[in-house]
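J.: Full structure from sequences and hints, please.
For the protein sequence lines, the chains are A and B, in the order given.
Oh and the first sequence: position 105 is 98 in my numbering, straight run, nothing missing.
Every position in the second sequence, counted from 1, becomes a number in my numbering once 2 is added.
These are computed hints drawn from the structure, not numbers from a lab.
Accuracy of the hints is not assured; some may be wrong.
Said to hold, decoys possible - To give an idea of the interface, some chain B residues facing chain A are shown, with a C-beta separation under 10 angstroms as derived from the structure:
1) Val24
2) Leu27
3) Glu29
4) Trp60
5) Leu88
6) Glu94
7) Glu95
8) Gln99
9) Ala102
10) Val230
11) Val234
12) Ser331
Even glycine gets a Cβ: it sits at the ideal position worked out from N, Cα and C.
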Amino acid sequence: MVTTEPVLRMSKVCTRFGSHVVHQDVNLEVLRGEVFAIVGGSGSGKTVLLREMVMLQRPTSGSIEMLGADIGVLAEEESLALRKRWGVMFQHGGLFSSLTVRENVGLPLREHSTLDDDLIDAIADWKLSLVGLAADAGLKFPDELSGGMLKRASLSRAIALDPELLFLDEPTSGLDPASAAGVDELIRRMHTLYGLTIVLVTHDLDLLWQVCDRVAVLGEARVLATGSMEDLSHLDHPIIRGYFDDPRARKARDRAAT
Amino acid sequence: MTPAAITQTAEREWTLTGSWTVPGLGELAHELGAKSCNPGDVVLEGAGLEAIDTAGAWVLQRWLRQRKVVPRLSHWPPRLEKLMALVSAHPEEPLLQPTARSPLERLGKFTVDGWQQAVALLAFIGESAAAALRLLRHPARIRWRTVLRNIQIGGFEALPITGLMAFLLGIVVAYQGADQLRHYGANIFVVDLVGYAMLREFAPLITAIIIAGRSGSSYAAQIGTMLVTEEVDAMRTLGIEPLELLVLPKVMALAIALPLLTVFADVTGVFGGMVMARVQLDIGFHEFIDRFGRELHGASLLIGVGKAWVFALIVAIIGCFQGFRTHGSADSVGRQTTISVVQSIFLVIVADALFSVVFSKLEL
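T.: Here's what the structure looks like:
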């Protein structure tokens, strides 16, 4: 269901921390309905880029257009309305530790609608079942969950308002292979169910091969290349080769082929 | 975006319009309750439907279920139909509720928790004492740098606030006493009043309370956060005893700093009383100091300083103990920090009361 309509466009984005240049003229375009991955080595500014997209951080210069609006010039109210149209899943979950998992998932609905509490709880439970969590997990607090369950609960909160856009920061990091495969599967299901556009930051080769439509490789403070994994495999920039040439990368590719 | 609406267009047909989404629903969820529909099959006309999200689908689904209506979707956009089908396929289950506790059960849990905490505190004191003894056998392992740093933060940097508080307290004591003493022409006794009150009671107490709020809380928060970020576990695996690195230097620092702060509070407190005595009762500084030197003995100063030493142990131990009771989350860090301050001030005052009883028996 990939269209040619861009939902996110970054042009000439530069980010500097003091004299350290993180991004120099980064240009990106994400199309509606695609699963778009951002990869790059540690310190290449993947997460910073993601934070700039979701308005947690401002780039030093350049413009970012989200869902048709330039986020650099938005008024308070407009940016609040815009924020409701996307969901973010943070690397460490970002769940509120003082609330139960069910309350965490129901929180966006409670804040932005006038629905009854029991209906919100029912919807939250349903969202939890969508991501494969049992109903009794909803009554637990985040610190009682395992790493995989935490990621699922966090994803469940990110889709609480049925967003058009979903941002995932390292969705499979710190998970065992079985749970990581579960998260791959989950992302694919969310994508087909809601027709979501998904932007994710990852190192996970299996995720890249099996789920993502297009991949942007960050390196040397810019976007080195963008394209499907298949397209990228023909390029011979040393940083890009790293995603294809070592044995782990080959195995991930073989697994995707089967 | 048009607001969501539903109207009955024929005997067994309802038409849905607008956007059945969180921003579009508005008050519809509450208004739906008033719309009645007989059980049976109905057609839900969806040609005018702009959008439906999970919340909208649930609102609709609940209305249908409550009226035992079996819907047939007509002219729904395919994507919306899919979501609706998914929601209606989900069986209605009663919500799991956290098991509520009876008052008796709560009382029992409260008692058991209290008891366990008391036992844990004793264990913590014991472990700290054992660690202190081990350290005494190997004095080279004492972390003097950390101790000095803690003295600077917890003691030296607290000088201004402690001095000011004690000074104000001295003024208050002298002022309250002045009025009573004047009636009996016993003006000069304000020296005894201020001297004994400050040296024996108020200076150690106010200093301990300030330090409990300043340092005790920061100890609890620091250790609690280190537990949450697994720094304490890391210390253990590196063969560093957390008690030795985190607790003992703090206890030592406060045990040194708090008595010294108390002496400083004695000085500023008595000075405050002196100022007030001169203003209210016309007792000159020279006269005040002269009587102070004759009437007050070293014992009063030592009693105050000795009490301060005990208060220091209480504040440091409770702060560290509550820090170590943190488990899991940011929320817990905040809770333990609060508990540490409340509990250490409470115990300081209890200890002070015990001292009064003991001193009166010993006629000190």
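J.: A separate judgement is required for each hint: does it hold in the structure or not?
T.: Evaluated hints:
1. Look at Val24 (chain B): its Cβ gets to within about 5 angstroms of chain A, closer than 10 angstroms, so that hint holds up.
2. Residue-level restraint check for Leu27 (chain B) holds (minimum Cβ-Cβ distance to chain A is 6 angstroms; threshold 10 angstroms).
3. Residue-level restraint check for Glu29 (chain B) holds (minimum Cβ-Cβ distance to chain A is 6 angstroms; threshold 10 angstroms).
4. At a threshold of 10 angstroms, the smallest CB-CB gap from Trp60 (chain B) to chain A is about 5 angstroms, leaving the interface hint in force.
5. Checking Leu88 (chain B) against chain A: minimum C-beta separation of about 7 angstroms stays under 10 angstroms; hint holds.
6. At its closest, the beta carbon of Glu94 (chain B) sits 8 angstroms from a beta carbon of chain A; the interface hint therefore holds under the 10 angstroms criterion.
7. Nearest Cβ of chain A to the Cβ of Glu95 (chain B): about 7 angstroms, under the 10 angstroms cut. The hint holds.
8. For Gln99 (chain B), the interface hint holds, the least distance from its beta-carbon to any beta-carbon of chain A being 8 angstroms, beneath 10 angstroms.
9. Annotation: Ala102 (chain B) was flagged as interfacial toward chain A, and the flag is violated, the nearest CB pair being 12 angstroms apart, outside 10 angstroms.
10. Taken as an interface hint, Val230 (chain B) checks out: its beta carbon lies about 9 angstroms from the nearest beta carbon of chain A, inside 10 angstroms.
11. Hint status for Val234 (chain B) relative to chain A: violated, with the closest Cβ pair at about 16 angstroms, above 10 angstroms.
12. With its C-beta approaching chain A no nearer than about 3 angstroms, Ser331 (chain B) sits inside the 10 angstroms limit, and its interface hint holds.
When held up to the earlier numbered hints, the structure conflicts with 9, 11 and fits the remainder.
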